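Chains as they are written, first to last, in the working numbering: chain A, 63 to 410; chain B, 63 to 410; chain C, 63 to 410; chain D, 63 to 410.
Read the hints as simulated data drawn from the structure, not as lab findings. Check the hints yourself; a few may be wrong.
Pairs involving identical chains hold if they fit within one copy or between any two copies, as the list cannot separate such chains.
Unchecked claim - Below are the DSBU-like pairs computed for lysine-lysine, each with C-alpha atoms no more than 35 Å apart in a straight line:
(1) Lys68 - Lys393
(2) Lys393 - Lys264
(3) Lys393 - Lys132
(4) Lys264 - Lys119
(5) Lys393 - Lys125
(6) Lys323 - Lys125
If you're wondering where the values come from, they're calculated on a predicted model, not measured in any experiment.
Protein chains: 4
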Amino acid sequence: MVVIMKRNASQEEIEAVIANLSAFGFNVHRSSGVNQTVLGAIGVKPGFDHRIIRGLKGVSDVKRVTEAYKLASRAGRNASTIVDVGGLRIGGHAITVMAGPGSVESEEQIRAMTAQVACNGASLFRGNILKPRTSFYEFYGVEEGRLELIREAADRGELKVAIEVTDVARLDMMSEYADILQVGARNMQNFELLRALGTSNKPILLERGLSATIEEWLMSAEYVMRCGNTQIILCERGIRTFESATRYTLDLSAVSVVKAKSHLPVFVDPCRSTGMRNYIIPLARAAVAAGADGVMVDVHHDPANASGAGLSALNFDQFAELIVQIRDVAKAVGRSLTEGGETNGPRQ
Amino acid sequence: MVVIMKRNASQEEIEAVIANLSAFGFNVHRSSGVNQTVLGAIGVKPGFDHRIIRGLKGVSDVKRVTEAYKLASRAGRNASTIVDVGGLRIGGHAITVMAGPGSVESEEQIRAMTAQVACNGASLFRGNILKPRTSFYEFYGVEEGRLELIREAADRGELKVAIEVTDVARLDMMSEYADILQVGARNMQNFELLRALGTSNKPILLERGLSATIEEWLMSAEYVMRCGNTQIILCERGIRTFESATRYTLDLSAVSVVKAKSHLPVFVDPCRSTGMRNYIIPLARAAVAAGADGVMVDVHHDPANASGAGLSALNFDQFAELIVQIRDVAKAVGRSLTEGGETNGPRQ
Amino acid sequence: MVVIMKRNASQEEIEAVIANLSAFGFNVHRSSGVNQTVLGAIGVKPGFDHRIIRGLKGVSDVKRVTEAYKLASRAGRNASTIVDVGGLRIGGHAITVMAGPGSVESEEQIRAMTAQVACNGASLFRGNILKPRTSFYEFYGVEEGRLELIREAADRGELKVAIEVTDVARLDMMSEYADILQVGARNMQNFELLRALGTSNKPILLERGLSATIEEWLMSAEYVMRCGNTQIILCERGIRTFESATRYTLDLSAVSVVKAKSHLPVFVDPCRSTGMRNYIIPLARAAVAAGADGVMVDVHHDPANASGAGLSALNFDQFAELIVQIRDVAKAVGRSLTEGGETNGPRQ
Amino acid sequence: MVVIMKRNASQEEIEAVIANLSAFGFNVHRSSGVNQTVLGAIGVKPGFDHRIIRGLKGVSDVKRVTEAYKLASRAGRNASTIVDVGGLRIGGHAITVMAGPGSVESEEQIRAMTAQVACNGASLFRGNILKPRTSFYEFYGVEEGRLELIREAADRGELKVAIEVTDVARLDMMSEYADILQVGARNMQNFELLRALGTSNKPILLERGLSATIEEWLMSAEYVMRCGNTQIILCERGIRTFESATRYTLDLSAVSVVKAKSHLPVFVDPCRSTGMRNYIIPLARAAVAAGADGVMVDVHHDPANASGAGLSALNFDQFAELIVQIRDVAKAVGRSLTEGGETNGPRQ
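Generate the whole structure from the sequences, applying the supplied hints.
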């Protein structure tokens, strides 16, 4: 932590700040120029609230030197984390394709979709049973348990299943059927939920909030990790900007930033961010080229009649085409869609 | 709803869209030019999902004509709503001042603060017992029940009490002690919580989400209203933008927009948006001048030692000064801090 | 400047950075902890490009301690600047009202408007003769010289005149007729223009760019000041955000930030930011309450038939009402619309 | 154009709007429901200012049906434009690599760089001689004519040259030496410059403004095209958002949107957007995978000592690696770095 004193800070004020920092166990170095004094406080104090110092008299600014997260940081753990989901290795050489409907509608749909997803080579089924919508007047997804049905259909296709959780109350029930628990963008800072997930033994897929900085996103991951669960997959799915040609702005630079700052694997969802079917394949290719460890897409057997986000879902033919295209891009960046395909590591 | 067909849409496609709209009960008017056909679908269908039409072949775009909300809209109800909180009238002639600590720390704090807040003429106490933070390493507020204590202290000062709720599980318990249930920015689209609040008999204070448009905010209000609870107060507290000199960007235009589009009262919180104590009073004055019905501020008996957001809290002297200053501005715009002070209505 | 070294920086790297800083004349203090070294470089080097240090081996980050601007900073000059425009004092006790059409259309318009503006008590006429538009198909303002006409009409009403300049070539011609040279948001970082204005003897009204941070805005002011012209008035007119209910988001917190960081006067333009006539008066009131030194509004004798931004212009009755309302708010915050009205200073 | 009347609009108001639209030559269709009337105005009137209608009494909103640009629109011209720069075909099968220093420093630098750029297979040299900076205290690039030098060095390496123009006065001089005239982000809406470029016979490289929507960017292209110059290459280089981990947020979705809406070629600049050397290669790969027609990168023989944006420049080894990597990704999406390499067209 670096403490920048005000230009006109008095000796007493400076000494009070130094005493305060020392009391918290920091090693303090003082640099005084003609106009201004800067204090360097060296030491790692995970529980320390730097605002205590910012509020002291004579203090102009406090700048953090270390990142606000530790367990999620690559500074703490250099090797990339590979999340093992019952044999499906996420974050390694292979790129994971996760697919499913925006919301589950019927038994037939689940069967058709898991079969299709599996035969095209995806390994992870997205089986959302809830679909919270922004308007009361729009479609609100079926809530009751199709979980067993999803589990069965997925098992038949040898798919792993990710289920979105939105509250602590349903966590146990969902954990019985899910291989991965997904946290939607709106819950990225739902700390009660994060705490509960921190004690779960299921891997977590943590979406970035629409207005969350990458740092805040990693701080949410840190939060879960501090509670004991370190199996976390991040997912970029667009941030809110002034551009309205797409629903949100997909931030593919975030893939590079996450790879530099953290050891956790990162997915990209090009459907929710763009909101437009014909932008999905190019952006899925771009995600893989940027270094993403996985791609999450909406697939629907009949997008034109989908009750919900049909506009941003691929039909089966388009999904098959997506797989072909991202396979080629994966190869171009030294990866593959299946483990063990290539021997050289991913390109940096 | 206006349906804009693609330039090269075929007659069959156009007719299929018309048939579809008619089947849903819309009255359809067709306008065909040399290059393009536009369909006007007249009729109010609250439950209608316009994406069904957008997904049809030959459709280029669908534009909503009416607002996405109805109960919250001034188009439906012209008179401004006054929320009556046990005699405290919010949204009328008087401007409401709501004040309290960022988070409740101790019994002494509660007593000192309610006394101070009351004697300065505020009418609403903000008694947050939870303080979810963005980082695990920062202060996490005391969770156990100081609710009874807050209730007693508030009653002594004849203050009403607003308490933030973050999940459905604690709703009943909190409702026993609170006069107003507050929904924080992060929960603005927590639809499970909104639904539960829709069946509550307590007024709701609904903060705008950090990346929520005004329309989405009003749609969240609509959601609660559709569930039966129409006693809603909105609260603007800053949106996320590229500007970093303040924590968030306080959107005071939102006060004008809400007043034009909706009949609901609207508060402004200048503390959370700016994050800086010395910007609070000017922006509180501006909020009142812009037409806000209330101002919500953080007050602390010892901001320098506050465990939490002390930087953005007023001390007691500053709070007293705030009251004096906004009283003068309120008068300048035809309002007052107490009901019955002036007889002329608020300026538009 | 604080230089944060990487965790694994070697002794040679650290020493090379120290040598580099010393060579530039900085006084360097080294703080080494168990994991990390931080260097404090004390000294004010106006011409120093900190990126030279950031590019050195072993450097993790460089944080500026002092502001990126000096002449514009309140740290350098504590007293607020009053810009004297031939007797009209901007930034003092009185709040300046600047008004005029979005673009000048005809001789009659100019006469009607200057008369109206003057009789209502405004002191500054906005006489734009150019109107660059975002689309080729939209109205493009008359370019030829109505400047003489504007000058005459303004003199008749004893108004000062502000004219927008967009390029260096027309600067001399415009300077003959204008009292203030206005730099539009799109030219805030047109450094050739800023340099030319730096050698002008006319005061500059510098609008904030749509995507400019407050720091960048003050850096543009600094740029002009470094070239010799210190008579600068800032003008907040909205920033681009995700909110689309208003054209731009008026950032009234910027008034407080500018007042804290700089000694320059600041205006607010509520017309361009909102794009809607009925939001102008409440936001003009809010600007004055927030501490702005002036308000700039579009006025038109017939807004419904204005060729250009008629939607965001007040008609004459509304303008008269605006004056009445902001006069009351000005009084409430210890100011007035005319110099010498009140003796107590503006409220902080 | 669709005109939505207010709920309580009178018959006279509706008829006045219809008469107005008819007088402008529109074909008007009226759709009246129980509460509301909607008017469809069919007809293409390029010079029409829709705000004239929005300002009429009883009008609630006006929605454009057709795009605000025509010459730049794919609706008007389906085949993709290939810009031919003296034999270098931009927008065809081959992906163009444009490289050069952030600003030209010396004769040696120019020679070393053009040689290096050419031998690695890039075809376009970026020879900026001006470097406008945001702060007076930072490096301001040499202004006098190194243009001849650049021209000679580029010719030796058989490279085409792009030069940034910032004002009309220098246009003729620069045109003598440049193959492509580049318009920087800050000048995207400098309409005087755009008009002058509209009469130039050189192709234009038009960067997207930092806060410009894709629609506004295409409107600027339209502006140039309306003036007669249809040889335009677009360049995405990041937009301003709340995220601060990168300098700007690279909007790769914009590539897909531009490809869908327009027939013009589009480049991506991953250096300026990220501001960080180690993010450039992954994002250049992603740009190519997303469908970009070219990539623009900063290269420097000694980035650590670059006077200016050295942090975001590749050194020669990194540039060679970039070429290898994007060649592989280009192949994966059915393209190449040289014309005639592959016979199958680019993937959609």
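(request) Tell me, in ascending order, the numbers of any earlier hints that this structure violates. (result) 4, 5
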